[in-house]
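J.: Take a look at the letters that make up each chain.
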Amino acid sequence: MKIREIARLLDAEVLCCKDHLDNEVYSACGSDMMSDVLAYVKDQAVLITGLTNPQVIRTAEMMDMVCIVFVRSKRPTEEMLRLAQEHGIVVMATPKRMYEACGTLYAAGLYRSED
Amino acid sequence: MSEALHFHFNVDGENFTSAGEASVQVKKKLRQLGMPPETIRCVSIAMYEGEINMVIHAGGGNADVYVNEDEIVIVLEDHGPGIPNVELAMQEGYSTAPETIRSLGFGAGMGLPNMKRYTDDMKIDTVIGTGTTITMKVYVK
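Read top to bottom, the protein sequences are chains A and B.
My numbering puts the first residue of the first sequence at 1, with every later residue one more than the last.
My numbering puts the first residue of the second sequence at 1001, with every later residue one more than the last.
Only chain B is shown next, with the shape it has when bound in the complex:
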């Protein structure tokens, strides 16, 4: 594998039921590629949380996954409202998700902290009123 493998997904923002489909696909592909189980686990959980976030807060977006020999890069791009206070959003338990989302089992304020926990590097670029791009890296151990 000299060049990165690239997978692209469109995350449907209208449908909470289908949220996570891209992550399931990525998990399947990484298994087929014979990636180490711990790497697969980290990538799929971080991406799943990101996907759920995009559906809850941003009306969907694009997910791109680049698989290199030594690292997997996940780029999640949305055109949502942006994150006013990233530091606050990174705190465990802080959430702006509506009650309807909580009743579905999400919105506990664990999404972003979880994404950071399961990845080796995470960068948040956010512009109010324009959107957010989150870039996460997981090293292949």
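The following block holds chain A by itself, in its conformation from the complex:
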């Protein structure tokens, strides 16, 4: 799925790195605990979260994630957007809640089946 499609499905506003919207992603992870993201994520390219602090961006960068979706209309700070820009991570904000955002993307085919 293209990142552009994620933004469309979630009625999300893209806040940085619009030039990467045509990149393809294949799986996602939803969590407010960065500890869990660091422990369990493998090859998930999209992080869906309601947590807004710079560690969210750093965690995504450590895990080689390419897109962060903030749910419940949470807005990242300028500092966070600057960090994301530096690492080429697309950031968007959706009014949807975590459960609905994850469900919407999953139903649209954003998952990688366990081989």
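Don't read these hints as lab results, they were simulated from the structure.
Since the model is a prediction, treat every value here as computed from it, not as a measurement.
Glycine residues also receive a C-beta, built at the ideal position from the N, C-alpha and C atoms.
Worth double-checking, as some hints may not be accurate.
[Said to hold, decoys possible] Pair by pair, the computed Cβ-Cβ distance ranges are: (1) A:G109 with B:D1121: 34 to 42 Å; (2) B:P1037 with A:Y40: 39 to 47 Å; (3) A:P95 with B:V1127: 48 to 56 Å; (4) A:Y26 with B:Y1094: 16 to 24 Å; (5) B:N1010 with A:G109: 45 to 53 Å.
Position chain B relative to chain A; hints supplied.
T.: Showing chain B alone in chain A's frame:
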């Protein structure tokens, strides 16, 4: 690369916002050196967890990374309170982090177990009231 490349960082213990900056730098440098992606991933996640730990529990410290041809060694040294029970601290889900840290998305008790998971070798030297030194090795595959 016959001699180890050495990177040194001072981890600021006062500022949770900047925690992880050293790991981001290391990741960048390892990429420039052309290290394998999986090696870079293991080193940067383990170091990031360690950095966060130093800021949460020990008021910061020093991080040293030695890049050899066949292995990368990360040494994290702090002068914090020490770890009273290492075995307990290594259990997934065990945490002494305050609630404020949990609200920032950390302190789930995954830090040390994660550091062990992503490295090939990990040694913890800790003295109560003096500090902790963690040495981690990741082999270059």
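J.: None of the hints should be skipped; say for each whether it holds.
T.: Verification of the supplied hints:
At about 41 Å, the beta-carbon gap between G109 of chain A and D1121 of chain B stays in the expected band of 34 to 42 Å. The hint said 39 to 47 Å for the Cβ distance between P1037 of chain B and Y40 of chain A, and at roughly 19 Å that hint is violated. For the pair P95 of chain A and V1127 of chain B, the supplied restraint of 48 to 56 Å holds, since their beta-carbon distance comes to about 51 Å. Between Y26 of chain A and Y1094 of chain B the CB atoms are about 34 Å apart, so this pair departs from the stated range of 16 to 24 Å.
At about 46 Å, the CB distance of N1010 of chain B to G109 of chain A agrees with the hint of 45 to 53 Å.
Of the numbered hints given earlier, the model fails hints 2, 4; all others are met.
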